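K.L.:
Just so you know, the protein sequences line up as chains A and B, in that order. Residues in the first sequence are numbered consecutively from 1, following the working numbering. Residues in the second sequence are numbered consecutively from 1, following the working numbering.
In case anyone wonders, no lab produced these hints; they're calculated from the structure. All values reported here derive from a predicted model rather than from experimental measurement. Among the hints, erroneous ones may be present.
Derived EDC-like pairs: lysine to aspartate or glutamate, alpha-carbon spacing no greater than 20 Å straight-line [as the list claims (entries may be wrong)]:
hint, chain 1, residue 1, chain 2, residue 2
1, B, K19, B, E241
2, A, K513, A, E525
3, A, K993, B, E276
4, B, K239, A, E989
5, B, K239, B, D294
6, A, K1026, A, D16
7, A, K693, A, E360
8, A, K901, B, E276
9, B, K312, A, E929
10, B, K142, A, E1016
11, B, K239, A, E986
12, A, K851, B, D366
13, A, K993, B, E190
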Amino acid sequence: MRPLRLRMQAFGPYADSAEIDFRRLTANNGGLFLIHGQTGAGKTSILDAICFALFGSSSGADRDGESLRSDLASADRPTEVRFEFALGPDIYRVVRRPKQLEKRKREDGYRVANATAALYKLARGLTEADIDRGSTDSWELLAGNVKNVDGVVIELLGMNADQFRQVVVLPQGQFRRFLSAQSGEREKLLETLFRTERYRRITEQLVFKAQELESEIKQHRQNLEAQLASLEIGENESLDGRLETLKAEAAALTEESPLLEDRFRLATERRQTAQLAARAKTELAAIQARLAGLKARQSEVEKAKEKLAAERRSRPVLSVDQRVLAIERDLRHLAESEEREKRALAAAERELHENQAQFERLQALAPELESWRAERTRLQGLWTNANRLKDANSRLHELNRAYATAAEKVRNAETALADATEKRREKQLEAEKFAESVPRVEALRREIELAKAKLVHLTQNLKEVDEAETEVKIERTRLADFEKQAHTAAQALKELKYGFHLSQAAILARELKKGEPCPVCGSPEHPAPARFMDAHAAVSKEELEAAEAKEREASERLAAHKTRLESAERALKLSEERLRAHFPGADERIRDYARHMREEQVRALEGMQRELLAAEEAARKWHNATAALKAVEAYLEKAELAYRNALSERDEARAKFESTCGQVAELEASLPPEYRDPEAIKEIGVELKEKIKAHEKKLEESRQLRESAERKVAALKARLKTLAEQKAMKTEELEAESKARDEALKASGFPSLEECRLAGLSERELQELEALCRSFDADWASANDRLHQLEHELKEFPDWAHDLAARQSELDAVDKERSEKKARLLALKEKISLYQNAGERIAKLRAEIEKAEQRYRTLGRLASVAQGLPPFNTARVNLSRYVLASRLDEVLEQASRRLYKMSRGQFILKRSTGQEDRRRSAGLDLKVEDAFSGTTRPTSSLSGGEGFMASLSLALGLADVVQSRLGGVRLETVFVDEGFGTLDSETLELAMKTLTELQAGGRLVGVISHVPELREQIRNRLIVRKKPSGSTVTWEETLAPAKTFTET
Amino acid sequence: MFRFIHTSDWHLGRQLYGKSLLEDQAYALERLQELIETVRPHALLIAGDVFDRPLPPEAAVALFDRFLTEVAGTRNIPVLLIPGNHDSCERLGFASGLLRDRGVTIFSKVEDAFKPVTLKGDDGFEALIYGIPFVEPFEVAKTLERDDLATPESALEALCEEITKRKTGPLPSVLLCHALVMGGETSESEREIFIGGSASVHPRVFSGFTYTALGHLHKPQRAGADTIRYSGSLLPYSKSEISHEKCVNEVRIRCDGAVEVIAHHLPQLRRLRYLEGELAELLEKASGDERRDDYIIVGLTDKGAVLDAFAKLNHFYPRLLHVSRVSIASEFDFSQASERIRAMEERSDLELFADFFQSITGTPMDDQERRVLNEVLAELNRGEHAL
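If we strip away everything but chain A, and leave its shape as in the complex, we get:
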């Protein structure tokens, strides 16, 4: 696990947001860095933050999650830690907040916000340089709540918080814990670290398996006993004996069996025979009974036969008789029909008569009908005209209106025209008014320009003159000054000269000796030698020269100024001349004159400008008027046109109106007044039409009725004729048949017809009688035959066959014996096989039990050894512990390697293996072997510095072994929090060497210390500063300039 970037917000002493970018170390190829700062500034908090971000708990036991919030943080900054780290090629980010009070968003006050956590993984292909540049798409959410994040982190890192604190973060004073811990505690830690629960599980499994086997064996034994019990045997031997006996019995039965079968067969045959005999006897008796019955019915049958004969005789007579009766019936029917028809005919004729009369009546009305029709035609014509009249009237109305409109239009057009003309005149006048103003404007503008130019020039000149005058004045004053100065200087000089001369004289005078000639005048007498006078104290040559110089200067300046004045005066004259040029005829006081003139000119100019404005206004007005005039003229044309159109329209309308009036008059003449309304006409016409139609209908109906009545009469007449003919025929037939019947009767021998009729039988009766006779005869014959047959048969049977009962009982006895013996044999066979199976099973069971017991012995031994229990394991060391001990040995080997180096061969760490301790957790105690004394001593006897070395070596050794054992766990980082202060400078060097080696091996090594030597030696330093507003943490600028890294 390599840290990449850590951001702490409102966490511990970091009130604001503090970020540490560990990637700068990679850029600088330095894996060793120092975190330093004042006590309480927040160094250890950095490690706390890392632990918190990963596991939700901090590095030391005395800082719990909820007290992590910074006291100085502002209310709207929640406590949060964001940590990005790399595990091999993958990069992860975890963001976590502890449970804390959060400010409510919409109201005052606080609420408790629960702890949150989120874990992300950077998308494939992106590198650590991208962790600040990536968008939210680059990060894949792996877990979104505290529980899941905790679980995933532990899985990814391969260790939990405790292990992490032992192996990666070696907290203040805490890693010495491992060194001086009790065996039990050490055992627990090593167990979690090295995941030896597997061995515990193996032990448990062995025990479990042994127990399982034990109960299995028990079950088998029970099974065996049950089986033996079910066979009702106590010992094995009688099972076999029993088996023998049964087998013998079975064999005997099997031998007997065929004989028995034979006997059975014989008995069955004999019984069968007896049965046949008995049956024959029974049948004989039955036949005899039957015959008797038949005899009883004999007389009945005779009678039936007689009846049959009589019927045969009557048959021919009766057939003729039938015919006769039929004909008589027919005749009767015919007579009835004739009557009926006659009556119908009479009615039909009466009807016909009536219909005819009706028809003739209607026909008489024919001429009236004609007149109605003619009327109708006339009405048609009238109606047409009436319509035309109506149209014409309405048109007339419209036309009148149109005419009125047209007249109106004409009047309007006239008015418009007059208006337009008037307007035109107005506009024309206006335009003329302002015509002249346009050229005036131009002229005025030109004049003004000229005047302006002149004025400017004049003003300029005036100014010049004024200036020149001022100049002259100034110069004059200056000149006065200078003259004064020059005068003063001259005066001073004169005085000084005088003084000088005097002093010279005085000097000379000093040297004067009486009688010696004076150097000045040569006189030997010196009546009044010059003296130094106070007023003219000794003046040196230098002073004089100075004063001369000054005087010279002053007069020079004066001369210069005089020249200046002269030139100024000249300038003034020039400008006055120029001014004069403006007013050639002017007098002396040109300046005043000029000023006066200027003012006048200004006034004149103003006047002109005002005029110009007025003229411009007039010109504008002229333009407007001209435009308006044009518009009006156009309008006038349009109005004229409109007027002409209106006139013509009106004339048209009038013409149309008059023509229509004429049409109306015509039509009115052609129509009588009552027929002028087409609607009325129509009504009358319709009425008439109805009348005609009704009449025609009636006529047609009557005709049809008459025709149908005629047809009816004719039909009836025909029917009557037919009936008469049929009647005649039937009468003839009757006669013939009656004659035939009489003849047949005679032949039959019946006395009368009635008797003959009686003898007739229906078909059914006939059949019954015949059947009866037939069956009786048949029965009688067969019964007799059978009787003879049976009598014969019975004679054939042997004597024993007549005793059925005896035969039956014989058979039963044999059968019973046979089946009993069969059953017994079957039972025997079953029991035999049962016993045989049982024997096998029991043998197998015994073998299994044997095997299982053997296995159990082995398992038991293994389990007891694994558990560390006697009798097999007297060392009281169980499997887990053994493994742990060997792991611990590995750790100590690695640790000793480092310690040996750090202590320059004095110390190594060992595990105490002695049996002195009967406690179960013995075997994991640590001792230090001291080369100086050659003995081992407990780790608690080490001094502060020695203890630190030992603890550090141990922690690093632990980390080494954990890493190589846990496979994928990569511990590329280790943090050491304090402890270096207890070392002397030599040991410190050695400790530094160890740390340097570590980082050379590719690890990131972070050291928290305030020891100055380390500050000097470790180049990469994180400074934590404590401020009243919270702490800050920054890299000291000994690293290569930032831009080699962040310029990505």
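Got chain A sorted already, so can you dock chain B onto it with the hints?
P.N.:
For chain B alone, coordinates are given in the frame of chain A:
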């Protein structure tokens, strides 16, 4: 001719196995003073690591003060020195500006590299002495306003180039420099000069100088050329230096530019000795040892346990520094250890159990036991896989 003495790595105030070596260092410096008296050099050059710590003990500072006063003050020999990786530039360079005028030049800032000292030798022959203090490469980068100097080599190269550029005139030049030059042999007592990157410097960097007086390695040696040399440390500071002949270099630069180097051995007050053998032997020899006052480091070769070795030996050797067991040192050979661990890793559960079984019961597992165990393990694995 220009003649000077080149020495370095005094580490005044250093302790060896907890014992202060100040007395011996004072003795050595006295001998050095005598040598100076004899040789009469035109300058004394100290190439760094004057003290052992940035904040040295008072006695060490006093010692140096006395030395400097005597040599530079009383005898007026110009002394030029640079801070090494054990010194603090700022502290060692205290009042260096003022001292320059009094014959003591301390090149304590990077810029000082461009302010050489011109010294006169015999017959007006002059030489230029340059000095580069030991600083982190980033300091050099800051001063030269470059951002590509991340290693000691690149920093020194840049500085030497700049010095050569600014050099005018044909005078021979001597450079004082504290660095690890390629090919140099290290001892146990040197501290890593640059953590996290390549620390060594190629000798070609110094090709522009007539002689380069190096400091840092404690063994006297040349480094890539005859004119690029380490003078070695004042005293032996670790076991590995016992075989070195500690010395200082007398360097003569002749007018024709030729360079001659003579090594002068510095006698030591007490030797540092390493004795190896079994305790009994050593004790026997000890009683006949004449130099019992020496600093002794002992390596015991006994295979078995030895009791109170230190106390027993200390009886004879009052300055016994350290006792260690060399026989078991080989056990801590790294490669062996990792082999062992790897071998352990590959042991299967079965083998592990078998070892355990044997160690507990004294007898190995028989076939049946192995079989049963295998079955149980297989079942356990299946169960685990199913989860």
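K.L.:
For each hint, tell me whether it holds in the structure or not.
P.N.:
The hints, checked one at a time:
no. : hint               : in the structure
1   : B:K19 <-> B:E241   : holds, 17 Å
2   : A:K513 <-> A:E525  : holds, 9 Å
3   : A:K993 <-> B:E276  : violated, 25 Å
4   : B:K239 <-> A:E989  : holds, 16 Å
5   : B:K239 <-> B:D294  : holds, 13 Å
6   : A:K1026 <-> A:D16  : holds, 12 Å
7   : A:K693 <-> A:E360  : holds, 19 Å
8   : A:K901 <-> B:E276  : holds, 18 Å
9   : B:K312 <-> A:E929  : holds, 17 Å
10  : B:K142 <-> A:E1016 : holds, 19 Å
11  : B:K239 <-> A:E986  : holds, 14 Å
12  : A:K851 <-> B:D366  : holds, 17 Å
13  : A:K993 <-> B:E190  : holds, 10 Å
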